[in-house]
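J.: Sequence:
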Amino acid sequence: MKLIKGIFVIAVLSVLTFSCDQTKKEATDAADAVENAADATVDAAESAADATADAVEGAADDAEQAVDSVASDVEKAVDSAKVMADSTMKNCKGKCAKDGKSCDGSCKA
Numbered sequence: 003m004k005l006i007k008g009i010f011v012i013a014v015l016s017v018l019t020f021s022c023d024q025t026k027k028e029a030t031d032a033a034d035a036v037e038n039a040a041d042a043t044v045d046a047a048e049s050a051a052d053a054t055a056d057a058v059e060g061a062a063d064d065a066e067q068a069v070d071s072v073a074s075d076v077e078k079a080v081d082s083a084k085v086m087a088d089s090t091m092k093n094c095k096g097k098c099a100k101d102g103k104s105c106d107g108s109c110k111a
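Add 2 to the 1-based position in the sequence shown for the working numbering, that's all there is to it.
These are computed hints drawn from the structure, not numbers from a lab. It cannot be assumed that every hint is accurate.
Derived CB-CB ranges, DEER-like [stated by the list, open to error]:
(1) Ile6 / Ala29: 33 to 43 Å
(2) Glu48 / Ala13: 49 to 59 Å
(3) Gly60 / Glu37: 46 to 56 Å
(4) Val17 / Glu37: 22 to 32 Å
(5) Lys4 / Gln24: 46 to 56 Å
Positions of the beta carbon are idealized from the N, C-alpha and C atoms, including for glycine.
Use the sequences and the hints to build the structure in full.
T.: See below:
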């Protein structure tokens with residue numbers, strides 16, 4: 003009887019050991035899968051951050067170019083207005099019309 007109990011105990015311990023070993027292997031596989039998923043998520047987040055940074059940098063460059071273009075256009079318009087104003091002014095050398103303005107009406111006597 004002791005021999006049968008001993009064999010039964012050995013069989014139960016073997017089954018428990020094998021079962022625990024399989025559970026440990028499954029837990030390790032699950033942990034590896036979670037780690038791989040986390041790595042993939044980190045990589046995707048880094049790629050998205052890089053793409054966002056590139057897009058923001060591109061937009062900033064475009065905005066800077068637009069501002070420079072507008073500033074250049076404004077400067078050209080101001081220069082053109084100055085040239086036009088200078089060309090319409092006439093020096094009347096004290097010869098004014100009776101209303102007190104110069105001969106072309108652009109300056110006061």
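J.: Does each hint hold? Answer for all of them.
T.: Do the hints match the structure? See the list:
Taking the beta carbon of each, Ile6 and Ala29 are about 35 Å apart, inside 33 to 43 Å as hinted. Our hint of 49 to 59 Å for Glu48 and Ala13 holds, since their Cβ atoms are close to 53 Å apart. The given range of 46 to 56 Å is broken by Gly60 and Glu37, whose C-beta atoms sit roughly 35 Å from each other. Distance hint check for Val17 and Glu37: the Cβ-Cβ separation is about 30 Å, which falls inside the suggested range of 22 to 32 Å.
Between Lys4 and Gln24 the beta carbon distance is about 30 Å. The supplied range of 46 to 56 Å is therefore violated.
Of the numbered hints given earlier, the model fails hints 3, 5; all others are met.
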